[in-house]
Amino acid sequence: MSLAAAALIALSSACGHVPPETVPSAGDPPPTSEAHRIPAPDLTPRVDGGYAWNLPPGFAPPLVPRHNPMSEAKVELGRRLFFDPAVSGDGSLSCAGCHRPERAFTDGHAQAVGATGQQHPRSSMALINVAYSPSYTWVGDELLQLEDQIRIPLFNEDPIEMGLAGREREMLDRLKADPRYPPLFRAAFAERGARAAEPDVDEVIDALAAYVRSLISAESPYDRRVFADEAGALSPAAERGMELFFSVELACGTCHGGIAFAGPLRSTRSPDTEPQLEHNGLLADAAARFKVPTLRNIALTGPYMHDGRLATLDDVLDHYASGGVPGEGRSEQIRGFSLDEGQRRDLLAFLESLTDDNLATDPRFANPFADGMIGG
Amino acid sequence: MRQIMRATAIAVGLLAAAGAFAAGNSKKITDVEASPEQEATRHFNQGIQLRDAAWKAEEKLAAESDPKKIEKLEKKIRGFYERAVEEQLSATKLNRRFHEAYSSLGYAYRKLGDYTAALKAYDTALALEPDYPEAIEYRGQAYLGLNRIDEAKKAYMALYGNDAEKAGMLLDAFRAWVQSGPDVPADKVKEVEGWIADRAKIAGMTGRGHDGGNGWASKGHEVGNGLEGHTEGNGLAGDAAGSGDR
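Chains A and G are the protein sequences, given in the same order.
Residue 17 is where the first sequence starts when you use the working numbering, and the numbers rise one by one after that.
Residue 151 is where the second sequence starts when you use the working numbering, and the numbers rise one by one after that.
Each hint should be verified, as a subset may be incorrect.
Footprint (simulated), chain A over chain G, 3 or more residues, beta carbon under 8 angstroms [to be verified]:
1) 337-343
2) 351-357
Pulled a few chain A residues facing chain G out of the computed Cβ check, cut under 10 angstroms [unchecked claim]:
3) Glu50
4) Pro57
5) Pro319
6) Met321
Note that these hints are calculated values from the structure, not bench results.
Where a beta carbon is used, it is the ideal one built from N, C-alpha and C, also for glycine.
Throw the hints in and build the complete structure from the sequences for me.
Dropping the structure here:
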């Protein structure tokens, strides 16, 4: 039997029905190639706004609202606004005050603190890969677009976050008075022509949303292991921890799933994904269902859970091992389990392998005022 | 020289067979007017029909034992693929951004045994549309058949996050490659076996649970999931009737 025939049989048995192959038969002379007949492709760039997502492998382009297309200029403007306290009512607190890049855009507090010192009932959230979220905030499933979510910290009055309500004019005047902003607004909203030199609140929000959408990253050891096929990228402990994480017993991966290690994702490839909240047994209240947060960069984002009640990842594992508070609302996936000391170390090593060390230094995300040109 | 010839023959048998079940998610497109793009689409569709006709004849051939009829069918099949090549060449001449046509052209060339042309056609399809899963998978199989293992692995990795089903198909082709007794050093085959086991482990693990919710999780082939295909933005979404995986 010829080797070619052996290959065929191997394939048939591996894959069930396979039509027989006869073209060409093994005795044919090697063909002279027709490669020269293939027409050269047209590789001139397409005109589609010119924004390069620079996506990690496996990441589909995010959905972007029609009214707010991405562009380099808009993302750049959004980045300045995000780090600029001038955007708040009294000029004291920027978005970055509660979302710091070196903490994967959280703030290290159990519960966030607003411009006037008022405490938010919940913890600030990590903003990496939120472009793929079908809904925003820890609670509820009604805020479906970043543009809508961003109004909340700006205008919220209870608690006050950035305290912009009633002080929009002051904020816009501050931006206009800064010589750096008018050209940035003109570049970001060129379609508005002359009017673009007069920024309005919607443009501030659209630019902030474009920047937040651009915060896509997946360069952790886990990514190198699983998506870049780099065999030694995970330590042996993290490798064992990965198996625990995805095991049927622990079931972490059933909720913290997919590329973002979060709940269901929305993208151009799955545009109709519905938001979903889950009950992980933290509270007795059956209605206490929350957005499943990403576990990417989780080592950087403590304290944990919606209200920061768990200080460390060790505490988090205690919670899941105990199964939390039994009750009507609790998901069937939360059943409790036991880990020995070695397994616990392995699982923690895996969670730590989800940290992307580039976040703090990635120039695409960084504070543009770090040179001290603008205060705050 | 003899060595090379033998390797080519294996490549031919393996590739062509693998292609027979892995081929063709190319979608039919309906259009009537006659701009160059639409003419290109018409040629493309005709090429797909010829490919489908070849597949039908290949099935007949499987059930045939009369050597005369076999010879006749073989000639017919070759004729279908030769005509498919001409249609896809016309399509790509008229629309030089038509990555699906370049990919189908590669497939027809592969079935005719012209791997040089097949690889060039896949390369072109991917230069136009780097994420096009069909061409990534086809090219991966072509590399495998030519024992270019590192490049085939790269193809698998490119599919892994993007199209779990095609990634699974390519992993099956790796298994078949190992079983075919390829003409490479034994330790290389061993290494590939280890790699297949590792990737299968990861695919099985990360695909558990989370049923289809996020649309593009890195799910394994064996999980059988509701992944949406690569349909955005190319205007070809929708009707995949009659193309199915083969």
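Against the structure, the hints come out as follows:
1. Judged by the Cβ-Cβ criterion of 8 angstroms, the region 337-343 of chain G is not covered by chain A as claimed, because only 0 of its residues qualify and three are needed.
2. Note: the region 351-357 of chain G has 3 residues with beta-carbon separation from chain A under 8 angstroms; the three-residue rule is met and the coverage holds.
3. The closest approach between the C-beta of A/Glu50 and any C-beta of chain G is roughly 5 angstroms, which is under the 10 angstroms cut-off, so the hint is satisfied.
4. Interface hint at A/Pro57: satisfied, since its Cβ lies 5 angstroms from the closest Cβ of chain G, which is below the 10 angstroms cut-off.
5. Against a cut-off of 10 angstroms between C-beta atoms, the interface hint on A/Pro319 is violated, since the closest Cβ of chain G lies about 26 angstroms away.
6. Taking 10 angstroms as the C-beta cut-off, the interface hint given for A/Met321 is violated, the closest approach to chain G being about 21 angstroms.
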